[in-house]
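Chains as they are written, first to last, in the working numbering: chain A, 1 to 787; chain B, 1001 to 1329.
Source of the hints: derived by calculation from the structure; they are not laboratory data.
Hints may contain errors.
Stated by the list, open to error - Interface residues of chain B toward chain A, partial, derived using beta-carbon atoms under 7 Å: (1) Trp1121; (2) Asp1133; (3) Leu1139; (4) Glu1144; (5) Ile1230; (6) Gln1232; (7) Lys1233; (8) Glu1234; (9) Ala1235; (10) Phe1236; (11) Tyr1307; (12) Leu1311; (13) Val1314.
Stated by the list, open to error - Here are the computed lysine to any residue pairs in the SDA-like style, where the Cα-Cα straight-line distance is at most 20 Å: (14) Lys1137/B / Pro701/A; (15) Lys733/A / Asn283/A; (16) Lys1175/B / Pro1221/B; (17) Lys1233/B / Phe713/A.
Values in this document were obtained by computation on a predicted structure and should not be read as measured data.
From the three backbone atoms N, C-alpha and C, an ideal C-beta is built for every residue, glycine too.
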Amino acid sequence: MTDYAWPDAEHRTLIGKRITRVDSPVKVSGQAKYTYDVHRPGMLYGKVLRCPYAHAKVVSIDTSAAEKMPGVKAVHIVQGPGANIHWAGDDIVAVAAVDEPTAEDAIRAVKVTYQQLPYLVSDAEPPQGAAQEQGPLSMDDIDDMLDNQVPSQQMVSQIQQYGITAKPTEEILKMLKSDGATDAVLDAIRAATVHPGAGTQTKSNYQKAAAQTLGDPDKGFADAEVVSEGVYGIPVITHCCLESHGSISEWTDQDHLFTHISTQNVSGIPGQMAEPLKIPATNIRVHQDHIGGGFGSKFSPDRWGIYTAELSRKAGGKPIRIMLERDSELKVAGARPSAYARVKVGAKKDGTIVAWQSDSWGTGGPGGGGMPPIPYVFTIPNQRKQHTAIRNNIGPARAWRAPNHPQAAVITMCALDDLAAKLNMDPVEFFGKNLDITKPRQDIYREELAIASDLMGWKQKWHPGGQSQSGGMARGVGVSFHTWGGRGHSSDCDLTIHPDGSVDLKLGSQDLGTGTRTCILMVAADTLGIPLDAINLQIGDTNYPPSGGSGGSTTIGGVSSSTRRAAVDARDALFAKVAPALNAQPDQLECVNGTVRIKGDSSKSLSWKEACSKLGAMPLTVRGKNPDRSKPPDLTNSGVGGVQMAEVEVDTETGIVKVKKMVAVQDCGLVVNLKTAESQCYGALIMGISYALFEEKVMDPGTGRMLNADMQFYRLAGLNDIPELVVHMMTGKGYDERGVIGLGEPPVISPGAAISNAVANAIGVRVPFLPLTPDRVLAALGQKAGA
Amino acid sequence: MRAFEYVSPNSRAQAVSLLGAAWGNTEILAGGTDLLALMKDDVITPKRLVNIKEIKDLHGVSSSAQGLRIGALTTLGDLADYADVRAHYPALAEAVMEVASPQIRNMATIGGNLCQRPRCWYFRNGLGLLPKDESGKELVADGENRYHAILGNEGPAKFVSPSTIVPILIAYGSKIRLEGPRGKRELPLEKFFVIPKTESDREHDLRPNEIVTEVVIPPVPDVKAAHYEIRQKEAFDWPLAVAAVALKMNGSNARSARVVMGYVAPVPWASAEAEQALTGQPVNEATGQRAAEAALKNAKPLNHNAYKVQLARVAVKRAILRAASGGAA
Ligand SMILES: Cc1cc2nc3c(=O)[nH]c(=O)nc-3n(C[C@H](O)[C@H](O)[C@H](O)COP(=O)(O)OP(=O)(O)OC[C@H]3O[C@@H](n4cnc5c(N)ncnc54)[C@H](O)[C@@H]3O)c2cc1C
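Use the sequences and the hints to build the structure in full.
Take a look at the structure:
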């Protein structure tokens, strides 16, 4: 039987090596074309009128003046009179015109009246008395959730949990569907238990879920000899993609759409546009060469992607471009939910953690949101936890690189670090002692913790909290742990070997900026024994076989597996054609160094080109798939562990924190490309330093608007804020044989917690919330002095 | 950005005649690093831009017995490169080098730096210089005021003066020269900055049809000066507090002192209290601390910016100690 397994280390020529990205030259020379760079002949420019209020009802819209303006080609009302608007910056009217200034003038000529409604933009701790919900959901409640862009999964779980007030008619279901309900939501409604009544879902801003327990928390705390209490949290931040969201759409005929879109989900876009545009998904072609950042915010065409196409239809099919303005990008195109918690955690004197209690809260905007997975990584035997989701008007949340995990890491690792401090234990010793409750990854963490400690020089650097100061400068170190899934998604690819020796590889995947192109080529080239540049790889188009969205760190596992299977099948098919010419059986052949030869015998070989000429007139095409049970083994896997450490210096007079060094030790199974894998970790550390020290979506209580929706007030770390970064990838035995596992997300989980712990270690007191700004650091120091 | 008319005069008189007598319709364009951002964000909507970069005699730096004359169009990049600036006003060179990034310093002019508009996020969001909501309620006092003023904030103006170069220029005793339809005038630089009381006021003593022509710094042979900024990010960011100090020494005692803070008030804030606390005293950690406390004695923080009092104190103290130890190298 054909063996699709990954070659072992001695037989890998490219896989596992450090290979420079194949797209670096076009990127650094500016030749790489992003969606933002696409300019189509005859293209029109779209602009969007956005609601200035955080909560309002649209009363009237008058577009007549705009429609009459010379140069205006199409006007589209996105949310008409009667619509409820739940955040400032939501789309109301879109126009397309011959150039940007004309479109802007047209937007200014549209008259909208609103009825302003009360709003909440804070995510401060809920009032003590907030009642626990829930009752069954009415169809209005469900429609409201759709309006609020509550994620489908979350809606399904609420419908399953609380039931509905009345069986809806098919008519109503249709209406929900046209309002954006997914099939999963509709199925959940059909299957839901009916509790007749008015719908007791309160319209309160606070959704308090039932408490969850594990083990016996009361006994756990009674047994604990040391208990530490604290409050920890991490605010709403934005994705801040450097290439904003948007698309250029055109109708190639009455019912065929061609769209260039900035997306993490090339193959998944048509299915989401078909229904609202009322054309079959197969009539929609999507193309994207390069993307300037997504981080979890670019899976859908979005409302603006749909109306870009609608505008184009109204303008006779002409290409229309709508890329979000920077302020809209920050206001409406993605935010990471906040999470805060009051935590109590208890241990035995020897450091064994025995009990956890948390009251957490946070917001994902109008949808509320769920509890992060706390306690994180460490399965503390006795737990009680309760979460209150705050529904407010700050704009919708989206998946942000490792959704919910950075929040969980901050709440858990900071609480545990404070417990270690209270026990007078070195955190490395304390966490090390408790690794048994990180099953099944305890051995990986143990190995990683030792390596990280060495790379950081932890033993020399760690002092009890607040005891490494000189001249007002305090030094400290901190550690954090994280985990992630990362199983490869479904992916199809077509590999063609031509009789002239050229090789095509096509898949509808995308390179999110992680080096996917390079990794695909490495797998194919390693398997076929030819150089990377001998393969013509094409991705980023729905004309190619579908591949999953790049989310959940699923891409590398998916595309490497499908590519491996295709390359093995193509190689074997080629061997079958070449074998007679070498007087051999196909299974005696191998391809190495650009030749096809009898295994181990370089005297009986053909060059790759000669070998391919044996194909005859017709090229050979095979399809590779993932998953594919008919072609074992499973080439991908799930579940990784990582340990990170941070060293900081704090100016205790100004409260300014400088990160001095970071260490990331990461496992991701079989590493395809060591260089791009390390780059993912470097990038994640940089992004982590940025959210640990600077990032925050600042909402104005007085107007309900975001105040820092630009790059001067939305701070991102710059070059000078980035210290020495040390990355170590776990490879070899114990790692390689697990198969390829995703890496994009895990290394961004721990920096916030590790840096917060380092600051606590430096100054001897916890700064409860990120970002660790001077005001907060000074406040914590002041409390310590006052205590 | 809205459409506008663009004119490019090549003399001061021509420029002045092209500028409107009321604010709103015309704006002067120098490097454009601030002006264009304000226009893109629809904060200002001039109908005409008067580009002054073609006016030859607004460029260049020259030294004489009266000191250093800096033409308004001198870029920050060039300013920091002048040998005379580095040799005689090292604290100025240092302050200039800390601005933004090389790209911005290559475009930004000193005139534009003095006239740049506040970085208040309410102002930049189009809510006004003295921000109010539609009902006329003031927004900053109960709003997100973590970066706002801690001094001089009793009136409706709560923003902070944005230039990080102005404090050291004031500490050196600089003057500013202006030219308008009624001729030329000269002011001590600190007098150029005013706290607006109504939305139609500006934060500069500048008429809509006046041009800043130059800045003149007197010779400072016996001055020890220093500049200190507290920035959370190392580059491309706005500081949280700035202090500039110029000391005239008599042995190890201060004969006289100038202490000017930035980013603490709607105008650059010269502290007579700090100056008094230093005069006649030896300059050391203890007197530096005392002067810093005096400088912030009258601070009235808003509900989210009390930490800035501490930061400003530290900036003042560190600037004093730096000046005493020889100033910027
Ligand atoms: C990212 C960034 C970071 C920055 N960091 C700092 C910093 O740390 N410290 C700091 O001090 N500044 C900083 N700046 C501001 C920068 O210094 C100013 O934008 C610049 O100095 C303005 O000069 P300009 O020639 O570009 O002015 P313009 O943008 O052309 O004009 C600015 C304003 O001044 C008016 N004006 C210009 N010249 C004259 C004149 N001769 N007479 C009358 N009015 C005039 C214009 O009409 C306009 O209102 C930063 C800017 C950016 C974008």
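Evaluated hints:
1. Trp1121: holds (4 Å)
2. Asp1133: OK, holds: aspartate 1133/B within 7 Å of chain A, min 6 Å.
3. Leu1139: holds (4 Å)
4. Glu1144: Holds: closest Cβ of chain A sits about 6 Å from glutamate 1144/B, inside 7 Å.
5. Ile1230: At 5 Å from the nearest chain A Cβ, isoleucine 1230/B passes the 7 Å test, so the hint holds.
6. Gln1232: holds (6 Å)
7. Lys1233: At about 6 Å, which falls below the 7 Å cut-off, the nearest Cβ of chain A leaves the hint on lysine 1233/B intact, so it holds.
8. Glu1234: holds (3 Å)
9. Ala1235: holds (5 Å)
10. Phe1236: holds (5 Å)
11. Tyr1307: Given a least distance of 4 Å, the restraint on tyrosine 1307/B holds.
12. Leu1311: holds (6 Å)
13. Val1314: Holds. Min distance 5 Å.
14. Lys1137/B / Pro701/A: holds (12 Å)
15. Lys733/A / Asn283/A: Measuring from Cα to Cα gives roughly 48 Å; hence the hint is violated.
16. Lys1175/B / Pro1221/B: It holds: about 17 Å lies between the C-alpha atoms, which stays within 20 Å.
17. Lys1233/B / Phe713/A: holds (12 Å)
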